[in-house]
Amino acid sequence: MKRLVLTCITIGLAILLAAGPASSQRSASVDYDNSRQVRLQGIVTKIDWVNPHAYFYIEVRDAAKTVTNWAIEFGNPIDLERDGWRSSSLRIGEVVTVEGIPVRAGTRQAFAKSVTLNSTGKRLFTPAAAKRAAASSEPAPRWPDGRVRLGPPDGKKGYWAVASARSLVENGVNIPMNDEGLLVNISDAEKVAPFQPWAKALYEYRQRTLLKDDPYRRCLPPGGPRQFLMPNGFQFIEQRELDRTLVLLGGGDHNWRAIYTDGRPQGTSDEVVLTYYGSSVGHWEGDTLVVDSVGYNEKFWMSNGGLPHTEALHLVERFTRVNLNTLKYEVTVEDPRAYTRPWTGGWSMQWVPDQEIQEYFCEENAESTFREE
Amino acid sequence: MNPGPDAIAIGSVFLDVTNWTVRIEADAKDSAGKPVHVAAEGKLEDLGSYHRKISGVWRQGGVAGDFRITRD
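Quick note, the sequences are listed as chains A and B, same order.
Just so we're aligned, residue 0 is where the first sequence starts under numbering that gives the first Met the number 0, counting upward by one.
Just so we're aligned, residue 0 is where the second sequence starts under numbering that gives the first Met the number 0, counting upward by one.
Keep in mind the hints are simulated off the structure, nothing from the lab.
Among the hints, a few may not be true.
Subject to a maximum C-alpha distance of 25 Å in a straight line, what follows is the list of computed PhoX-like cross-link-like pairs (lysine-lysine) [stated by the list, open to error]:
(1) Lys327(A) <-> Lys156(A)
(2) Lys155(A) <-> Lys327(A)
(3) Lys42(B) <-> Lys199(A)
(4) Lys298(A) <-> Lys211(A)
(5) Lys64(A) <-> Lys45(A)
(6) Lys190(A) <-> Lys211(A)
(7) Lys211(A) <-> Lys199(A)
(8) Lys199(A) <-> Lys52(B)
(9) Lys199(A) <-> Lys64(A)
(10) Lys42(B) <-> Lys52(B)
(11) Lys298(A) <-> Lys28(B)
(12) Lys211(A) <-> Lys28(B)
(13) Lys121(A) <-> Lys45(A)
(14) Lys298(A) <-> Lys52(B)
(15) Lys112(A) <-> Lys45(A)
(16) Lys42(B) <-> Lys211(A)
(17) Lys112(A) <-> Lys211(A)
(18) Lys190(A) <-> Lys327(A)
Next up, chain A with everything else stripped away, as it sits in the complex (with noise of 0.2 Å):
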């Protein structure tokens, strides 16, 4: 306990692909410098297990024996339960070792991305998305009358989570970005998406200031693509009675967003009110909810990353479950204002089975973003 030791090591650029503090509101690269590392440590003295972001103090003695405080944030308590951590975990005295990614402010707070005793060697903590791998493949679930289930099984429950995909571009592109959809190389910009030259300019714009305008910063819904994004996660809500399904999101603010499967017909986004979310409807074509959706406001960013689009946005949404763990997703994006042609991506989502979304509030993340040393 006596020789605590403080390493501050920088690290290059690879750790810009790392699991980062992925799982908030914010825009983590705004606040934690994915470029640096620090290795801490020190004593815990305070721990505040706290939804949405749980965090534990340590006293850090350097060579010097100058004694110093650290706030380690280390994720949102209802995932780290999932994944076997508990409050009673980490004990207050008990001295550990903290990988992390410091803060860009330059104060004394890191995001761990390891925690391990020191008493033991046990390590506590690794990235949750990391250890949620793909599980078996069970056919996709059925009503009576045969249709896929988008929802749970018949007396079950989950919901659909851990995207995989970072971000969205256009199919057949493969470029390294971080878990916000920051790009390693702003050069790759022009291979996203088929910007207009304005587009281009604002998104590559976004990237290099780090996301730092990123609506959802400030609890702003995910509209468009991004709601399926979210680290949360979401659930279909299959009203079958109603010819609607409800997308009710884990993340933000619960948000909710209805798609009428009742055969009404599509308006334009002149006709509607413009929204976050849009005006959706959808019909099945196999196994494959089909959802339109126009009528989209201007005020949110349609993916992580920062994708630009205009109220002209026109998304024609695939949802098929291909057996019961997996939901691939795939968007055509048409905005003649922002793009120059209609474009397609997508992704495949992950069933999280017995367990519900969670309490999550994004005003609580913004009142605790930072903590006092």
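Given chain A, put chain B in place with the hints provided.
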């Protein structure tokens, strides 16, 4: 421009994304019915915000003044 009974249709809008300047031009008639060209040139500010602004200078004939447009 000037929404209402004396509105002037905007003839062209040019955005230069290399420096985020905007030029708006229109042709109207003055009170004597004489054709007059209106041009407003400004720079986009607070680019990343939904409530971004254009600030600059407008000119109509020999008259000029400052303007600022903010998106609600």
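Against the structure, the hints come out as follows:
1. Lys327(A) <-> Lys156(A): holds, 19 Å
2. Lys155(A) <-> Lys327(A): holds, 21 Å
3. Lys42(B) <-> Lys199(A): holds, 18 Å
4. Lys298(A) <-> Lys211(A): holds, 15 Å
5. Lys64(A) <-> Lys45(A): Between Lys64(A) and Lys45(A) the Cα gap is close to 21 Å, so the pair holds against 25 Å.
6. Lys190(A) <-> Lys211(A): holds, 22 Å
7. Lys211(A) <-> Lys199(A): Between Lys211(A) and Lys199(A) the Cα gap is close to 17 Å, so the pair holds against 25 Å.
8. Lys199(A) <-> Lys52(B): Holds, at about 19 Å.
9. Lys199(A) <-> Lys64(A): violated, 51 Å
10. Lys42(B) <-> Lys52(B): Holds, at roughly 8 Å.
11. Lys298(A) <-> Lys28(B): Judged against 25 Å, a Cα distance of about 37 Å means the pair is violated.
12. Lys211(A) <-> Lys28(B): Violated, at about 45 Å.
13. Lys121(A) <-> Lys45(A): holds, 20 Å
14. Lys298(A) <-> Lys52(B): holds, 15 Å
15. Lys112(A) <-> Lys45(A): Roughly 19 Å between the alpha carbons, so the hint for Lys112(A) and Lys45(A) holds.
16. Lys42(B) <-> Lys211(A): holds, 20 Å
17. Lys112(A) <-> Lys211(A): holds, 23 Å
18. Lys190(A) <-> Lys327(A): holds, 23 Å
When the structure is compared with the earlier hints, violations turn up for hints 9, 11 and 12 and for no others.
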